Amino acid sequence: MKTIPLPKTNMDQSTTTPTSSTSAPTVPVALRPPSAIEMNSLSAWYAKNQVLHAIDLDIAAKQVCAFIGPSGCGKSTLLRWLNRMNDTIPGARATGKISLHGVSLLDAALDVVDLRRRVGMVFQKPNPFPKSIFDNVAFGPRLHRIYSRTDLEELVEQSLRASALWEEVKDRLSSSALGLSGGQQQRLCIARAIAVGPELLLMDEPCSALDPRSTASIEELIRELRTTYTIVIVTHNMQQASRVSDTTAFFYEGKLVETGATDLLFTTPRERRTEDYVTGRFG
Amino acid sequence: MTSIAARNAAEISQRGRLRSASAQMLFEGSIKFTLVGLTLLSVLTTVAIIAVLIEETVGFFTMADHPEISVWNFFTGTEWSPLLGAQPLFGVLPLISGTLLVTAIAGIFAMPVGLLTAVFLSEYASPRTRTILKSVLEVLAGVPTVVYGFFALTFITPYLLQPLSESFGTYNAMGAGIAVGIMILPIVCSLSEDALRAVPHSLRDGAYALGATKFDVTAKVVIPAGLSGVVAAFLLALTRAIGETMIVALAAGGLAQLTANPSQQVQTMTAYMVQIFLGDAPAAGVEYRSSYAVAFTLFLITFLMTWTGAIILKRYREEYD
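Taken in sequence, the protein lines are chains A and B. The working numbering puts the last residue of the first sequence at 285; the count rises by one with no breaks. The working numbering puts the last residue of the second sequence at 862; the count rises by one with no breaks.
What the hints contain is simulated information worked out from the structure, not anything from laboratory work. Just so we're clear, the structure is a prediction, and the values are computed from it rather than from any experiment. Ideal Cβ placement from N, Cα and C applies to all residues, glycine included. Keep in mind that the hints are not guaranteed to be accurate.
[What the hints assert, rightly or not] Label-pair ranges, simulated between beta-carbon atoms: (1) B:PRO741 - A:ALA110: 27 to 35 Å; (2) B:THR672 - A:ALA49: 17 to 25 Å; (3) B:VAL680 - A:SER176: 43 to 51 Å; (4) A:ASP109 - B:GLU679: 55 to 63 Å.
[Said to hold, decoys possible] Just so you have them, the derived chain B footprint on chain A, three or more residues with Cβ under 8 Å: (5) 43-55; (6) 79-93; (7) 110-123.
Sequences and hints are given; from them, build the entire structure.
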């Protein structure tokens, strides 16, 4: 079992303020690796079906990176290798290298529990547990016992504030999370992920099941969260990618076609297929 | 009838389209009539059974030559000896305690084992293992209960219980209770498994993504989320255990006594009815009628349980939906 020596950021200060960008990281920013995530010739399979072909991609720390591409292009699969969620799918395997702050994620000896504690994930459909709002947010901290008893309430409040939900739910923390609207549920799921103090947030089409108004609030939240977290978002919505992300990676048929700064990729794509996709000629 | 049918058929063939529409209405009407009739049949049967139970029970409590029998004495009496002695005694508590003792033993055995088996089948077993185990459970569910009775009498008691303690008689509540537990195990297991598997996969994914282990996911997400279904499974199985007859008639003994000692023999309500109806109690006699009063009591207990189950289910559902 290996644990990941991540730079000490809000993770270990979760009892203070997870959102505060003023709390100085204990490791100076200059000493950090330039990229949070590095992938080298990453290929992935579901049984005999190859879904990713030799992906080379770096993702910068504390930025939002969007994965775009038509359905079945492998972008969600790639996302699910970043926290090894594919381990739960029989027949899923990958070769190559993914490293998160220099630690190899495909290492068989990696402690996935520790990894997932440091890599939060938000899913396509909001999936709050059938428990109270408080218990949803407290689920992760209780699981990992990363709180002292008096801090739990504070930690829950901070997480809910960070996900811009606190004002709406502060008077009904003990009522069922299933009574919230879809957009609120999704923000609750973000609060739940934040509460364990992750370094990286993975979002798999987080707005695809939401109405436009909730989508707007989630997008605003993503822009706020990027000051604290590295965020990778998979989206089908190109406007969304251009609105929320700093860099964009375009995937097609399991290959990384093009990656770069979002504004450049959308205005002056280098590849013909990227241009066709972002201008809506296919997809 | 046949002539009308024949005439109708002839008219239908003459009138063509319009006719076929009315023939269709006739057909639809008769379908509805049949379905309503069949539904009424089951409702009426239930009503009739309850009516007979009540009538005979009232008859038992108002027998002219037994003024000592009263509702109060029946439900508070601690001695049940309808056949022996100069003065038959009808205090139903020993029969109720016998029933509850056997049911409790069955539940203590079957609920944890059944739930854990369900957890294994739903969360841990490979699809192949699950298929094999589920068919084994189906076989278990298909065994006639008289076989479980023999099993209790010829295996559980002599080879499992009596080596542990000499206080176990040939007939005892423990052996019968364990056999009833084995009998209701498939019910607990298969209904609980359905409830656990109905928990959406997205919840499991959500917990795994927070760094939960498989055990965390099962114990902290899947079981709480499927709890209402599990509780329903428990109640259904316990109701089935209370009504079980053949196993207790064979293995629990025939002595109605107020005891909580599982090594003693007890008589359950169902076993008493078997005893009366297999014997040659005269149809108007007090023993014969007493079995109706016992049956009515049993009915009240199972009815209350089903009702409680419905309330518990409703409360959980409100909590989670």
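Evaluation of the provided hints:
{"no.": "1", "hint": "B:PRO741 - A:ALA110: 27 to 35 Å", "in the structure": "holds (30 Å)"}
{"no.": "2", "hint": "B:THR672 - A:ALA49: 17 to 25 Å", "in the structure": "holds (20 Å)"}
{"no.": "3", "hint": "B:VAL680 - A:SER176: 43 to 51 Å", "in the structure": "holds (46 Å)"}
{"no.": "4", "hint": "A:ASP109 - B:GLU679: 55 to 63 Å", "in the structure": "violated (44 Å)"}
{"no.": "5", "hint": "43-55", "in the structure": "violated (count 0)"}
{"no.": "6", "hint": "79-93", "in the structure": "holds (count 3)"}
{"no.": "7", "hint": "110-123", "in the structure": "holds (count 8)"}
When the structure is compared with the earlier hints, violations turn up for hints 4, 5 and for no others.
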